[in-house]
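What follows is each chain in one-letter form.
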Amino acid sequence: MTFAAPTPLALIAELTHRCPLHCVYCSNPLELAHRADELTTEVWLRVFREAAEAGVLQVDFTGGEPLSRPDILELVRAARGTGLYVNLITSGLPLDEARLDELVEAGLDHIQLSFQGATEDSANEISGTKAHAQKLRVLEWLKRRRVALTLNFVIHRRNIDQIEEMLALGESSSAGRIEFANVQYYGWAFANRENLLPSRQQLDRSLEILRRAEDRLRGKIKVEFVVPDYYAKYPKACMGGWGQKLMLIAPNGDALPCHAAQIIPGLHFDNLKDHSLGEIWEKSEVFQKFRGEQWMPEPCRSCEHRTRDFGGCRCQAFLLAGDAATTDPVCSLAPLRPLVDDIVAAANRPRAETLVKPDWLYRPNPA
Amino acid sequence: MTPDLGSCPRLAVGCRLNEKGQPSRVLHMPERALRLNGPSLEIIERCDGKRTVQEIISELQKLYSKAEPQKIEEDILGYLERLHDQRALDFAPAPSDRSAEAK
Chain A
1 MTFAAPTPLA LIAELTHRCP LHCVYCSNPL ELAHRADELT TEVWLRVFRE AAEAGVLQVD
61 FTGGEPLSRP DILELVRAAR GTGLYVNLIT SGLPLDEARL DELVEAGLDH IQLSFQGATE
121 DSANEISGTK AHAQKLRVLE WLKRRRVALT LNFVIHRRNI DQIEEMLALG ESSSAGRIEF
181 ANVQYYGWAF ANRENLLPSR QQLDRSLEIL RRAEDRLRGK IKVEFVVPDY YAKYPKACMG
241 GWGQKLMLIA PNGDALPCHA AQIIPGLHFD NLKDHSLGEI WEKSEVFQKF RGEQWMPEPC
301 RSCEHRTRDF GGCRCQAFLL AGDAATTDPV CSLAPLRPLV DDIVAAANRP RAETLVKPDW
361 LYRPNPA
Chain B
1 MTPDLGSCPR LAVGCRLNEK GQPSRVLHMP ERALRLNGPS LEIIERCDGK RTVQEIISEL
61 QKLYSKAEPQ KIEEDILGYL ERLHDQRALD FAPAPSDRSA EAK
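Residue numbers (this note's numbering), protein chains in the order written: chain A, 1 to 367; chain B, 1 to 103.
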């Protein structure tokens, strides 16, 4: 039996996996899409029209680095033309002032600029390239332009003690929002987890600083953060529930319910080259597989939290437990929670923090 | 912060109403969208940086003449304050010649 599909709200358009950064926590899959397989401009334009018709409100251009696409202006203009709210998630590296003006002119509503740290050395270590100084230049250019800005700091063991400096950087910019996003352990981050997962003490200190900043900056800058999964009592409502609110389109046109779904064995993803967005959203096997509650095992099936967290994240369940259809092991009620407790315990054992950089697995660039 | 009655609310950068004629009206904001019903849409449409808070209240009191005027004022002030906290609204000071021109 099939569940009635809710209205999709946002489209995450992974335009390309090409990127000038090599971040050790990148959420892209370990197997990156090749440039030659990327969707054409024409298909994307059709997808935006179909998305708007299906009720989608917002499109997030991401990647990889979405500005690596030579047709980015055309994509922004077309998406905005269908009425979608257009958000660009960028490293800022390919930007110059003229490009920025063209993007704003094309109808860009919002820029989310990523930062890998508050200081040049630590940020460049994480991104595996010299990127920080350019990002600071972009912040200056943005002060003189009418486009909304969110700064996104990705937080982990090696930079969580810089939260105050990150806040200061955010406050000196034109950002209306600052996101502190704890690393989620998929893809490259899962491979580098040992060096990324913070200690309980680090986390508690950061949360205290962030709660104070949230109060202090209310009405000026929106400060957003969540307790990272492995330290939470209940799992996150991953993507607002599988097939509930979001569709992610990979560079090759595969339609996914989330960033990491490709790791789940046995799923066949329908492609936007062959099917319409509405058809995939409503009817594809993948979007229905974990939609709603029918798939749920106990303890989720009878749990009062199931309508809030939807049993947590399917990809995390697979990565940690080898079974995508089990309760997310990060849940304190999950039978497999001891798996996560062991990982957290390891992160809290005394260890000598190295000043030299860890043995990172850097994300390469696709062919 | 309770909005100043003489200030002129306007949508903040990155916030906009979707087009008229859509099946449902929403206020787009960075990373979220707010669905608008009758009164909330009437208020947001008037946050144009030209009308003062007081003028918006008066217009809504006329529009919803069966409701308690005092209640309308409180509701609008509370709503504008919430939107400001969410960074959806700025309050521009009214130009000094503005009140004369409006009369």
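By construction, these hints were calculated from the structure, which means they are not laboratory data.
Just so it is clear, the structure is predicted and the values come from calculations on it, not from any experiment.
For glycine and all other residues, C-beta sits at the position ideal for the given N, C-alpha and C.
Check each hint, because a few of them may be wrong.
[Said to hold, decoys possible] Incomplete in silico selection of chain B near chain A, CB under 10 Å:
id	residue
1	P23
2	L41
3	I43
[Unchecked claim] Simulated crosslink set (DSBU-like; lysine-lysine; CA at most 30 Å straight-line):
id	chain 1	residue 1	chain 2	residue 2
4	B	K66	B	K50
5	A	K245	A	K233
6	A	K220	A	K143
7	B	K20	B	K62
8	B	K66	A	K143
9	B	K50	B	K20
10	B	K50	A	K245
11	A	K357	A	K289
12	A	K273	A	K130
13	A	K143	A	K130
14	A	K220	B	K71
15	B	K66	A	K220
Cross-check of the supplied hints:
Because the smallest distance between the Cβ of P23/B and any Cβ of chain A comes to about 8 Å, under 10 Å, the interface hint for this residue holds. Proximity of L41/B to chain A is violated relative to the hint, the smallest CB-CB distance being about 16 Å (cut-off 10 Å). Evaluation of the I43/B hint against chain A yields a violated restraint, the C-beta minimum of about 18 Å exceeding 10 Å. With a C-alpha separation of about 26 Å, the suggested pair K66/B and K50/B falls inside the 30 Å cut-off, and the hint holds.
Among the hinted pairs, K245/A with K233/A is consistent with the structure: their alpha-carbon atoms are about 24 Å apart, no more than 30 Å. For the proposed pair K220/A and K143/A, the alpha carbon gap of about 15 Å is at most 30 Å, so the pair holds. Of the supplied pair hints, the one linking K20/B and K62/B holds, its CA atoms being roughly 23 Å apart against a limit of 30 Å. Between K66/B and K143/A, the direct Cα distance comes to roughly 46 Å. Violation of the 30 Å bound is thereby established for this hinted pair.
Pair hint K50/B plus K20/B holds up; C-alpha atoms about 20 Å apart against a cutoff of 30 Å. Distance check on the hinted pair: K50/B and K245/A sit about 36 Å apart at the alpha-carbon level, beyond 30 Å; violated. As the CA atoms of K357/A and K289/A are separated by approximately 41 Å, the hinted pair breaks the 30 Å bound. For a cut-off of 30 Å, the pair hint linking K273/A to K130/A is broken: about 37 Å separates their Cα positions.
Restraint check: the Cα-Cα separation between K143/A and K130/A comes to about 23 Å, which is no more than 30 Å; the hinted pair holds. At roughly 28 Å between alpha-carbon atoms, K220/A and K71/B fall within 30 Å of each other, so this suggested pair holds. With a C-alpha separation of about 36 Å, the suggested pairing of K66/B with K220/A is violated against the 30 Å cut-off.
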